[in-house]
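Student: Spelled out from the first residue to the last, the chains are:
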Amino acid sequence: MKHVLGLAFLFFGFSFSAFAEASVEELLDQMDRLYRSDSSHATIEMQIVTENWERTTIMEVWSRGMDDTLIKILSPRKDKGIKTLKRGNQMWNYFPKINKVLKVPPSMMMNSWMGSDFTNDDLVKENTLADDYHSKLEPHPSAPEQFYFIALTPKENTVTVWGKLSISIRRDDLMPVEQVYYDDREEKKRVMEFRGVKEMGGKRIPTVMEMGTLNKKSKTLVRYKSIDFNPNFSENLFSFNRLRRK
Amino acid sequence: MLILKLAFRNLLRHKSRSLLCGLTIMGAFILFSISLGFSDGSYGSLIRMLTDTQSGHVQVHRQGYLERPSLFRHFQLSQEIKQQLNDHPQVQAWTTRIFSSALVFGEKKSSIARLMAVDPDQESQVTRIREKVKAGKFLSDTTDVYNPILIGSHLQKLIQVKVGEEVAFIGQGADGSVANDLFTVVGIVGKGSDDAESRRVYLPLKNAQEFLSLGDRIHEVTIRLDHFNLARKEAESLRNILNNEALDVQPWQVVEEQFYKAMMADQQGNWISQGVIMLIVGLVILITVLMNAFERRHEFGVLLALGTPPGFIFRSIVLEMTLLSGLSVLVGSFFAYGLNWYYSVDGIKLETPLEYGGVVFNQMLSENSMSVLLIPAIFSICVTFLVALYPAIKSARAVPIEAIREN
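Sequences listed follow chains V and P, in order.
Under our numbering, the first residue of the first sequence carries the number 1, and numbering increases by one thereafter.
Under our numbering, the first residue of the second sequence carries the number 1, and numbering increases by one thereafter.
Read the hints as simulated data drawn from the structure, not as lab findings.
Ideal Cβ positions, reconstructed from N, Cα and C, are used throughout, including at glycine.
For lysine to aspartate or glutamate, the following EDC-like pairs were computed, each having C-alpha atoms within a straight-line distance of at most 16 Å:
# : chain 1 : residue 1 : chain 2 : residue 2
1 : V       : Lys189    : V       : Glu210
2 : V       : Lys100    : P       : Glu107
3 : P       : Lys162    : P       : Glu107
4 : V       : Lys78     : P       : Asp181
5 : V       : Lys97     : P       : Asp181
6 : V       : Lys78     : P       : Glu210
7 : P       : Lys394    : P       : Glu299
8 : V       : Lys97     : P       : Glu210
9 : V       : Lys100    : P       : Asp181
Facing chain V, a subset of chain P residues (Cβ under 10 Å, in silico):
#  : residue
10 : Leu71
11 : Phe72
12 : Arg73
13 : Phe169
14 : Ile170
15 : Gln172
16 : Gly173
17 : Asp175
18 : Gly176
19 : Ser177
20 : Val178
21 : Ala179
22 : Asp181
23 : Ser213
Using the sequences and the hints given, assemble the complete structure.
Tutor: Right, here's the structure in full:
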């Protein structure tokens with residue numbers, strides 16, 4: 001679910017039509033609906049900064065609905081050709097150098113994806129926020145006149161490690177500004193900030209996202225280089241058999 | 001001087017009795033010496049086995065690595081440090097290493113493996129890794145092989161690969177990337193599942209640096225000294241010479257702390273069994289001395305009746321026994337030295353190899369050192385002196401007429 005506002009931004013564009021005063025249902029519905037673009041094709045740059053190292057990766061990302069995503073690393077040269085395929089709630093990684101496809105087991109879903117602050121779980125979640133969370137519109141703690149503030153708590157049957165999420169959305173253009181992940185004790189664990197709102201692929205989107213893991217002192221910056229909404233691509237682009245092809 | 005002459009004369013007067021007594025003390029001394037020799041030898045051979053196969057005598061890491069080993073706790077070995085190591089008189093050889101772990105894929109099976117990257121030429125001078133290759137070739141003996149590796153025999157059985165076959169590695173790179181590459185098995189190391197090397201994969205340092213995106217950085221410098229006993233002193237000396245707060249220089253006792261603590265605890269326990277041997281040795285000497293003194297009660301009675309002062313008799317008995325013990329120890333030292341030397345060269349082979357703290361040893365060796373002769377020698381002479389006091393006092397205080405009647 002998290003990826004709806006997390007990595008979903010990587011794969012789907014969105015645009016809000018600003019409206020005067022919105023209910024929480026309307027806000028979530030608007031967001032969920034907008035993320036569900038039929039398909040997208042984007043080139044993004046991912047910069048990971050940790051205490052020990054820093055790395056920048058350029059990736060090509062294809063998506064179809066909420067179910068299918070294919071990510072292919074373009075650079076650095078050492079990682080070129082590594083692919084991640086997500087189909088439904090299953091995920092595989094392909095390593096061309098050793099010609100191996102590895103399925104990501106459920107036990108590794110909370111592990112980091114490609115060393116970033118995003119987890120594998122962020123990528124495979126396919127439900128909407130409304131499906132997985134109870135939502136409540138609250139006054140924004142610091143600037144209620146500027147932002148909507150949605151507090152989300154998981155439903156009883158939702159499988160998640162997060163005890164609570166909060167999303168801040170700008171009132172004027174309904175662009176998300178910040179999403180905070182809390183644990184069961186309501187301690188902040190991760191913070192995702194949205195910046196660089198501009199028009200790309202015919203829509204206004206935050207083109208920079210920064211995910212910070214607080215206890216690891218690391219952050220991952222995702223920058224859109226280009227995005228194309230509803231492009232034409234082969235029907236079997238997301239097939240398992242095509243994963244090994246260049 | 002007179003008393004010394006008399007003591008010698010007394011010993012020679014009853015040659016068979018003195019010989020029997022002397023042989024008993026000598027036997028006890030040799031038993032104690034060999035027991036100590038095997039005890040010290042077993043620990044010595046364990047330490048050698050550990051330091052020769054994996055730890056070396058002194059290691060250098062980045063601060064914190066020993067407490068929490070991590071791929072990211074690496075350091076660069078500067079020319080200055082290399083020169084300082086080369087110039088140190090006690091450093092016989094040194095080598096550099098990298099450690100990590102990876103998923104290793106054979107054709108059909110896969111497993112997690114501990115990777116140990118070594119400089120093939122330097123590593124052979126520090127540890128006996130080259131001797132551990134039981135099939136195929138050592139890393140530096142191969143040419144034109146893409147990413148050569150040595151695979152531990154246990155791991156080799158697990159993932160079912162043979163020499164010459166390719167395996168795939170997937171791990172974490174030091175730059176956060178997914179390290180993945182193909183490697184060629186050029187040799188198999190280790191004998192079974194118990195030894196540490198049987199579960200490892202050895203690869204050349206340069207290949208590991210590229211695979212793990214480490215550049216020219218390493219995790220460890222392993223140093224070989226002239227003897228493992230020098231480790232603590234030379235670690236301190238190297239710490240002062242390198243004078244680098246970012247680096248942690250530690251002897252094998254700290255590097256292999258668990259092993260060392262277990263060994264020390266075991267050694268403490270071993271003194272209980274040595275105590276039992278000491279008790280047996282003490283009892284044997286006590287019986288011998290008592291037998292000797294009480295057999296001569298008649299003689300002492302006559303001496304007392306003739307007016308010999310009791311103090312003279314007391315001193316004479318104590319001196320005779322101590323002298324006999326000293327002579328027995330002296331002669332016994334040659335035998336004890338010979339036996340300890342023999343077993344230190346060609347120990348007792350164990351049918352089933354024993355595993356101790358990850359180190360497997362298959363023969364018990366003795367240690368031929370001064371301590372294995374000196375401790376039993378001092379003990380035997382002191383015990384003889386002490387146990388001679390009782391019969392000496394008893395004989396000196398004897399009533400002459402009663403002592404003469406006892407025969």
